[in-house]
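J.: Chains as they are written, first to last, in my numbering: chain A, 1 to 328; chain B, 1 to 328; chain C, 1 to 328; chain D, 1 to 328; chain E, 1 to 328; chain F, 1 to 328.
Worth flagging that the hints you see were computed from the coordinates, not collected in a lab. Accuracy of the hints is not assured; some may be wrong.
Here are the simulated lysine-lysine pairs, DSS-like style, with alpha carbons at most 30 Å apart [said to hold, decoys possible]:
(1) Lys44/A / Lys10/A
(2) Lys226/F / Lys10/F
(3) Lys44/A / Lys36/F
(4) Lys226/F / Lys301/A
(5) Lys161/A / Lys44/D
(6) Lys226/C / Lys36/B
(7) Lys44/D / Lys44/F
(8) Lys44/B / Lys301/B
(9) Lys44/C / Lys10/C
Label-pair distances were calculated between CB atoms; the ranges are [to be verified]:
(10) Ala106/B / Glu220/A: 55 to 61 Å
(11) Pro98/E / Phe42/B: 40 to 46 Å
(12) Ala304/E / Gly39/C: 47 to 53 Å
(13) Val57/B / Gly39/C: 26 to 32 Å
(14) Tyr68/E / Glu300/B: 39 to 45 Å
(15) Ala304/E / Glu105/C: 38 to 44 Å
(16) Phe42/B / Phe42/E: 21 to 27 Å
The beta-carbon is built from N, C-alpha and C at its ideal position, and this holds for glycine as well.
Number of protein chains: 6
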Amino acid sequence: MDQQSLTASKVFVRDLADGQAVDSVFVVRERTRRQKKNGEPFLKLQLGDVTGAIEGVLWERVDELFEYCAPGGAVRVAGNFCVDPKYGASLTVRGLRPAERNEYEARDLEEGPAHAVEQMEAGLRELVGMTQNPFLRELLERFFASGSRIWERWREAPAAKRYHQAYRHGLLEHCLSVAQGVHSLCGTFPEIDRELAVSGALLHDIGKIEAYSVDSGAIELTDAGKLQGEIALGYYLVRREIEEIDGFPADTAEGLLHIILSHHGQLEHGSPVVPCTREATLVHMVDNLGGKLGSFDRLEKALADGERWSGFDRALSGSAYFASREAA
Amino acid sequence: MDQQSLTASKVFVRDLADGQAVDSVFVVRERTRRQKKNGEPFLKLQLGDVTGAIEGVLWERVDELFEYCAPGGAVRVAGNFCVDPKYGASLTVRGLRPAERNEYEARDLEEGPAHAVEQMEAGLRELVGMTQNPFLRELLERFFASGSRIWERWREAPAAKRYHQAYRHGLLEHCLSVAQGVHSLCGTFPEIDRELAVSGALLHDIGKIEAYSVDSGAIELTDAGKLQGEIALGYYLVRREIEEIDGFPADTAEGLLHIILSHHGQLEHGSPVVPCTREATLVHMVDNLGGKLGSFDRLEKALADGERWSGFDRALSGSAYFASREAA
Amino acid sequence: MDQQSLTASKVFVRDLADGQAVDSVFVVRERTRRQKKNGEPFLKLQLGDVTGAIEGVLWERVDELFEYCAPGGAVRVAGNFCVDPKYGASLTVRGLRPAERNEYEARDLEEGPAHAVEQMEAGLRELVGMTQNPFLRELLERFFASGSRIWERWREAPAAKRYHQAYRHGLLEHCLSVAQGVHSLCGTFPEIDRELAVSGALLHDIGKIEAYSVDSGAIELTDAGKLQGEIALGYYLVRREIEEIDGFPADTAEGLLHIILSHHGQLEHGSPVVPCTREATLVHMVDNLGGKLGSFDRLEKALADGERWSGFDRALSGSAYFASREAA
Amino acid sequence: MDQQSLTASKVFVRDLADGQAVDSVFVVRERTRRQKKNGEPFLKLQLGDVTGAIEGVLWERVDELFEYCAPGGAVRVAGNFCVDPKYGASLTVRGLRPAERNEYEARDLEEGPAHAVEQMEAGLRELVGMTQNPFLRELLERFFASGSRIWERWREAPAAKRYHQAYRHGLLEHCLSVAQGVHSLCGTFPEIDRELAVSGALLHDIGKIEAYSVDSGAIELTDAGKLQGEIALGYYLVRREIEEIDGFPADTAEGLLHIILSHHGQLEHGSPVVPCTREATLVHMVDNLGGKLGSFDRLEKALADGERWSGFDRALSGSAYFASREAA
Amino acid sequence: MDQQSLTASKVFVRDLADGQAVDSVFVVRERTRRQKKNGEPFLKLQLGDVTGAIEGVLWERVDELFEYCAPGGAVRVAGNFCVDPKYGASLTVRGLRPAERNEYEARDLEEGPAHAVEQMEAGLRELVGMTQNPFLRELLERFFASGSRIWERWREAPAAKRYHQAYRHGLLEHCLSVAQGVHSLCGTFPEIDRELAVSGALLHDIGKIEAYSVDSGAIELTDAGKLQGEIALGYYLVRREIEEIDGFPADTAEGLLHIILSHHGQLEHGSPVVPCTREATLVHMVDNLGGKLGSFDRLEKALADGERWSGFDRALSGSAYFASREAA
Amino acid sequence: MDQQSLTASKVFVRDLADGQAVDSVFVVRERTRRQKKNGEPFLKLQLGDVTGAIEGVLWERVDELFEYCAPGGAVRVAGNFCVDPKYGASLTVRGLRPAERNEYEARDLEEGPAHAVEQMEAGLRELVGMTQNPFLRELLERFFASGSRIWERWREAPAAKRYHQAYRHGLLEHCLSVAQGVHSLCGTFPEIDRELAVSGALLHDIGKIEAYSVDSGAIELTDAGKLQGEIALGYYLVRREIEEIDGFPADTAEGLLHIILSHHGQLEHGSPVVPCTREATLVHMVDNLGGKLGSFDRLEKALADGERWSGFDRALSGSAYFASREAA
C-alpha cells in the first residue's frame, strides 16, 4: 500500500465483488473494539463512501492502528472483500493509514450539497435582499444575520435524519431550493403573496436546529425534538422573534406562523393545522417536492452501474426508476 | 298571557306536539327582521331551551316587540306550535314579553355546568393548593390567580363549540373534572407523577381561551384558532410563562409541554406529537373520557320521555343508549 | 327597466339582500316550465353570475318571455329579491329581456380563464416550439396542430366538473399553467429531464376530452369517463399516437406514459401506478398545486365583501383564508 | 462457582457487556439439544431475567447437565458473555446448577404483578362485596367463587401474550386495576351506574381464560382463541351464566354483555359493536389506559441505566420516555 | 274513479310528471293526521310502489277516508301530481278507496323475492337433504324444522334494513342464494368442505332474526341488535344448539362458528375475527357478492325508462350502470 | 448414493430434522460460486421442493459437479442436514448427480397446476365454444388461437410473482377457474350477462403477459409492468384488438373494458375505476376468491405434518387454518 499505487480511481462500495482485492479510500463511520474468543482485541469498523457502507474487520495491530481510524476520518484501506455464504459481506483489512488529502475527492466519500456553501449563502442573501416588506426583512435578517447563534446552527444543520439531505449544510440547501422554487412559481401563479411565501419557505424548518443534534457524524433527534416536535419548536422561535419587532402586522404574523405550522400538509403528518392560505399551500407542496427529489438524488447515488431501479424506498412509498438520459 | 297563568311547569321544546297551544318561557337565540312579500316586516326568532330549539315567527307588532327579544334574553311566549306538512315545525307567536325572574329556572333554559361556579373554583383552588412542587405551584398560580386576565377568560370560556360543555364555565368544568379524574386514578396507577399530571390536566386546554370567542351567545373559532390551532396557542402561552419563572427545571417543563402538545392523542386529531410519557397518556385518556361522557350528558338532555336511544352522534361515532336506571 | 337605467354597476348574486329591488344582467343557467296548482304555467329559472346563482320565478307572460331565456343567454332582469323565512331565497321576476352586449362585462357573468384564449394558445405554441427532442415535438404537434379534431376539443374543454377551472378553455388554462410551472421549477431542480416533464404536463389530462361532455353549459362525465376513467382514456390516446410515430424511443415512451398514468399520485386517487420517476413526481405535484390554487381562485370570487373565510370546501378538505393584501 | 461466591448482586441481562465474566442466576426459558458438525450433542438455551433474554450455549457435559435446565427453572450459571462481530451476543456456559432459593429474588427473574396474589384477591373480594345489586353479585360470585374451575384459571392466567402483564396472575392484576380505576372515576363522573361498570370491568376479559393457554411458560393463543376470539368466548361464558340465574333483569344483562362485546372500543380492534353506554365507554377507556400503562412498566424494566427512551414499541405506536423523577 | 276506468296499466312513482292526473293503485306506507292553521285536520300520506314513494295530501273528507288508508294497505288513488317550485313533489288526493285485488299486481307495489316462498323453501329443503354429515344435518333440521319458532321467524325476516332484500322473506332468499352459490362454486374449487360451507352459508345470518324487528312494515334494529350485534346473537344461537347435540365433533363446531363470526370478512365491518379457513373465506365472499347483486336489483327497479346510471349508492360505494341487454 | 437405494419415498424440505442424513431428489433453484477465505471455490446452492427450500453447500469437487447443478435441474443429493445454533439450517452436500426421471415425481419438486395443461386448455376451448355472441367469440379466438403469439405467452405465464399460482401455466389455471366459477354462479344469479362476464373473466389478467417476465425460473416484473401496470397493459391489448373487429358493439366493448379496468375492485388496489356493472362486480369477486383460495393451497403444501396453522400470511392478512378433514 505505498502511496504511489493509488493512481487507479476510487473503488466504490456499491461496486465491490466477492473476492476482490481493495486498495482505496473510505471514511470511517463507526469504530468498535471487540474481543475475540481468546480474549484478544480486534476492531470492527464501518467504512463508507457516498454509495453505501460495508463492515471492515481488522484483526491485527489493533492498538497501533486504533487511533488512525477515529470516526469521521478518511482512511486508505488495503484488504480483501469477501461475501461469506453465511455471514454476509465484509472487508478484511490488512493495512490502513490516514488518507492524504490528494488521494481522494471529498464528494466521493460523503454526501453533501451539490453546490458550495458560499454559493448557497449568496443565494440566500439574494432572496433576503429582494424582500421589500420591512417587517419580513427584519425578521429574516435577525435569523440569518452572520454571526448570530441561530444562523450558525442553521447553516450547519442537516435537513433530515435520513431520506433526503441528511448531511452538513443540508438544511440550508433544502430551504434555499424550496424558497427558490416558491419564488419561481410565483411567476406562474400571480395571486400569491410572494414575499410572505418566500419568507415562510426560508423559515419553515427552523425548528430543526433544536430538533436535531449532530454528534460525531450521527444525526439524532433531541429530547425536545421528540417531546415537542420540530414544528412546535420552530413556531415558538419565530413567534418569539416576531413579538420582539415593534409594529409587526398581525396579519403578516398570522400568515407566516400558519405556513410554519401547516407545512407538513396534513394532520397525520404532524401539522396541527392544515394549509388554508395560498402561501401555505405553495410552501407545503414545494417542500414536499423538494424532499421527494432529494430522495431521488440519494437513491441514484447508491445505484450500481447498469441498474435503473432502486429497491423499495420508504420516503417514496415505492421504487425509483432512472432511465438512461441519452435514450430520450 | 297574564303572569298568574304560568303556574304550570315549563313546556320543553323536545315535548312539543303538533297543534299545541304554548305559554312558556324560552331564551332567544337569534332574531332576524325579514320582509313579507307585501313589504311589511316580520320577525324570525330562534327560541330555545335546554332540550333544543324551534323557529318562532312573529307577524304583528314587530316594532313594538323587537326590543323585547334581544338574543340571550329570556322571554315568555304565547303562541301555537304547528308542524306544517311541507315547511316543518314552527311556533306562531301571538304574544311575547320579557320573562320575570321567578317565572323560570335558569337550568331549564340553557345548558350549564352541573355545579355552581364557586364550587368549581373551590375545587380548582384545592387541587392547586395540594401541589408541593414549587415551580408547578407558581405556574398554576400565575395562570389561575384571581383577577389575572387569563383566569377571567378561562373561568368564563366554553369547552367546545358543540359536542360537550359548549356553555359558559364549560372549560372550567371540563378541566376540573379531568384533573380530578387524573388525581383519583393516580391511586390505582402509582407510577405516575401525580403533580405533573394534574398540572397538565388543568392547563391542557388553555389555548382555547384564544381559540374561541363568545359573541352574544354564539361560540366561534377565532382567526388564531383556525390558523394556529388551540394546541399551538396553549403551548405558546405555557412555555412563555415557564420561561418567566427562574429556575424552572427543564425536565418538568418538557414533561408539561409534552402533555399539552400530545393531549389529542394522535397526529390525525391535531396533536403534533403523540403521548410518550405516562402522564401525557393519562391526561389524554381522561380528557377523551370526559369529552365522551359530556356528550352523553348533552344527548340525555335532548331525549324525549320514554326514549332510550339518541340519534347518530358525530362526537360518539354512534348512538347513545340510556337504560332506565330502575331496571338495573 | 329601460336601457338607460343600467348605468349603475352590476349587482352580484353574493351581495343580494332581503327585500332588494334588482335591475341587472344575469346569465340563464336553467329554465323549467312548471304548472301552478290552477294549471297555468310559470317559469322557474336559475340565474347566475360569477359569484353564484339564485332561483328566479316568472309568474306572468310566460309564453312571451320563454324564448328570451334560453339557457346560456345573458338577460337583463328586473324584480325583487326576497328571502322567505320558510322557502329560502328567490328573485321574483317582473321583467326580462335579452341583454345588450354593452350592458355587461362577460367576466362578471361567467367564470373563465384569467387570460385570453389567444394568449394562452401562444403560450402553448411557445412551449412546444422550445422542444428539441424530435419525437416529443412531433407528438405534441400531432395533438395540438391547429385544426386537428383533438386540438379543437382540448382547446374548448373545461378542466373539471367543479372544483377548479370548470369552464370553457379551463383545460387549456390548467395544462398550460402546469407546464409553465414545471418548466420554471426545472431551473431549481436541474436533474429533471425538462422536455419530457413539460410534454407530460401538457398531455397529462388529455383523456378529459373523452371523459367530459359539455352540453348547453353543463359539464358531465361521459359513459366512457365513468366506465374507463380519464386516465385510461388519455393513456390510450397517447400510446396509440406514439405507435404511429416511427422510431419513437421506447424509453421516452415509457417515461411519458408513466407520467400520464401516475399523475394522480396515489392509487386511491385513481392512478393505477404511483410516480417513480422525477418527471412524474414533478408533474403530479404541480398538477396538484395548480388544482388547489384554482380552488382558491374559485372560492375568492364567491366571497362577500369583508369576509376572509370561505366555508368548508371539499377540494381543499378545509376552509380557505384570504388576508387583506394591504395589511402585509 | 461455589455457592459462597454469589454474594455480589444479580447481574441483569440488560447490563451485560462484551467480554464480561458472568456468575449469576437466570431462568431457563427454552432448552434445545443440537448436534455439532461432528455429531456430538450440545445444548442451546434461552436464559432470561426480568430485563430480557440471551442465548446460552453449553458445549460440554451435555448429558449430565441436561436435566438441570428444564424450562422454567432457576439456574446459577457461570460463563463468558461475548458479542461476536458476526454472530451476535451469547453466553458460553462453563458451569450450571439449579439455583438455591436464597441465591435470587423471584422478582429479578420473572416479570410478575407488583402485589402479592393474596393481596389482589382481597381487593377483588372487596369490590365484589360492595356490590348491592343481587343479580350482579350472584353472577360475580359464581365466576369468582374460590374453587370454581373458572376462578382457578382466571386467577392464574396472563393478561396478554406480550405487551402488558404477560405473566402469571397478570389477568387478575389487570382486571382488578381496571375495576378499581373504574370505581374511583365514578366519584368524578356520577352519572355512571357504578356497580354495572365495576362488574363489567371485572368480567370484560374473561374470555381470555379460553383464548390463551400457558404451556411451560409460553403463552399461546388456543384454536378457539384464534377462530372465535376472546370477545366472543367471554360473551358466551357470561351470557350462559346469566341465563342460569332466575330473574336476572334483561336491562342489566344487556348492559353487561354490551360492556364485554364493546370493550375494544372500535370495530377495527375486534369489538363487533362500539360502546354506546356510559358504562361501556368508561370500561373501554380504563382498560385501554391500563394496557398502555402496563406497557410503560414493561419498557421501564428493560431500560438500561442512564437511558430515558425505549425503542419504538408497537403497543404504544411510539417510544416511551422516562424522565428522572428527581429532576421534577 | 269508477272501477272500470282502471284498465290502463299501473302508473309508477318513478314515471310521474309535473301536472299529471293520476288514477292508480299504491300502497300506504305512512299516515299522519295533521292540523291546518285554521285547526281543521288533514291527512299526510306516504304512497309507494316498487319504484319509489311520494307524499300524498288529502285535504277533505278526512274522517271518512281515514280508516281506508291504514299503513300497509293497497289503495286506489285519484288526484293530481304536482312539482311545486318551492315545496317539492306531492300528489293532491281527490279520491281514495281500498283497491280491489284484481286492480293491481302485488309485485308492482312492494319489493319482494323473485321466486315464490314455497319454491325457496323447497330449495332450502333440497340443500338440507343433501347433507350427509349427521351432525350438520341434525343442526340444520333443528333450526329449519317446519313449525319451530326460529324457522317461522327466519322464513319471514328481511335480509336487511335497506340496501338489499329489505322485504318479507328476504332473509330466506338471501341465505338460500348464498348457499346455492357456495354449493355451485365447490365444483370449481374442490378443496372446500362443501357440507360445512353450505351449512355455514345457510346459518350465517341467523342472528338477524333477533337483531331486526318488523313492525307494520318498518324494519328496525332491536335493542339486542344494537347492543350485541347480529353476529354475536347468531353465534350464541348456533353454539347453544350445537351444545345440545351429543357428540357434535369439536372441529366441525369450530369450523361452523368461525364461518358465522368471520362472515363480514374484516374487523372494521363488525366481524370479531377474520376468515382463516377456506370455507369461511368462501361464505364471506359469496355473501358479499349476493349483497352487492341485491343492490343492483334494487337500483334497477327504481331506474326511469331510458336511464342507464343510478345515482351514487352507499352500498356499492358508487353508481350502478345498466347497459341495454340487446346491445350485447 | 447408488441408484437402487432410492426406494424410500421423497424426503421433503418441510420435514427435515437437525442431524438427519439425506438422500433424496431436489430441484436446484440457485447456484453461486463463492470463495473460501483461503481462495478455494465452493458452491452455494438453493435446493427446493414443493414444500420449501434450503441452503446447500458443496465444499469439494466443485469444478466436477458445477455443471450438474444448473438452476432448474432435478438432482439427487446425498448429505447431512444440520441446524447450526448460530448460522441456521443447511445441507452439507457430500454427493450430487442429475436425478433419473423415474427417481422422482415432478409434483413433489415444483408447484404447478392441479390439472394437466391439455385438460385446462380443453376447458378453455369449451368455454370459448359456448360463446354465442359473435363479437365476443371472435375476440376470444383472436387472443386464444393456437399458435398466436399471445396465446403462447398466456399459456405459459404464471399468475403472480408469489402468493398464488406463481408457476408455469398458473395464469391459464387461474383465469380458467375464475371463468368457470363465474359461469357456474350465473345459475344462481340470472340477471348477469353470462357471456360478457365469462369473456371478461378469461381476459381480465391478460396484461400479465407483458407485466411479468420469467427468466430461468424467476418471475419478475418488467419495466412496463412497473411503469404502466398490468391493468393498463391489458386494457390496451384488448381495446386495440376490439378496434380491429368491424362492428364490435360499443356497449359490449365498454362492458368488457370496464371489467378489465375495475377487476381489482378498489382504487387503492390499483384499479383506476371501481366495478359499476353486475358483470364487473362478479369477475372482481371471483378473481379475489380464486386468489385467496390459491393462497390456501400454497400454504397447505408448506405445512408440516400435524400442523394446522400456517404462519401469518400477507396475502390473507392473517393465518390459515386447516382442520383435519376426517373430523368433520
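J.: For each hint, tell me whether it holds in the structure or not.
T.: How the hints compare with the structure:
Straight-line distance between C-alpha atoms of Lys44/A and Lys10/A comes to about 22 Å, which keeps the hinted pair within the 30 Å bound. Between the alpha carbons of Lys226/F and Lys10/F the distance comes to roughly 39 Å, so the proposed pair goes past 30 Å and is violated. Our distance criterion of 30 Å between C-alpha atoms is met by Lys44/A and Lys36/F, whose separation comes to about 21 Å. For the suggested pair Lys226/F and Lys301/A, the alpha carbons sit about 21 Å apart, so the restraint of at most 30 Å is met.
A threshold of 30 Å between alpha carbons decides the hint, and for Lys161/A with Lys44/D the separation of about 39 Å lies outside it, so the pair is violated. Under the criterion of a C-alpha separation no larger than 30 Å, the hint pairing Lys226/C with Lys36/B is inconsistent with the structure, at around 46 Å. With a C-alpha separation of about 26 Å, the suggested pair Lys44/D and Lys44/F falls inside the 30 Å cut-off, and the hint holds. Annotation: proposed proximity of Lys44/B to Lys301/B holds, straight-line Cα distance about 26 Å (limit 30 Å).
Distance check on the hinted pair: Lys44/C and Lys10/C sit about 22 Å apart at the alpha-carbon level, within 30 Å; holds. The hint said 55 to 61 Å for the Cβ distance between Ala106/B and Glu220/A, and at roughly 57 Å that hint holds. Separation of Pro98/E from Phe42/B is about 44 Å and conforms to the stated range, judged on CB atoms against 40 to 46 Å. For the pair Ala304/E and Gly39/C, the beta carbons lie near 25 Å from each other, so the given range of 47 to 53 Å is not met.
Between Val57/B and Gly39/C, the C-beta spacing of about 31 Å keeps the proposed range 26 to 32 Å intact. Checking the proposed 39 to 45 Å range against Tyr68/E and Glu300/B shows it holds: the Cβ atoms sit about 41 Å from each other. A hinted range of 38 to 44 Å for the beta carbons of Ala304/E and Glu105/C is consistent with their spacing of about 41 Å. Between Phe42/B and Phe42/E the Cβ separation comes to about 25 Å, which falls inside the hinted range of 21 to 27 Å.
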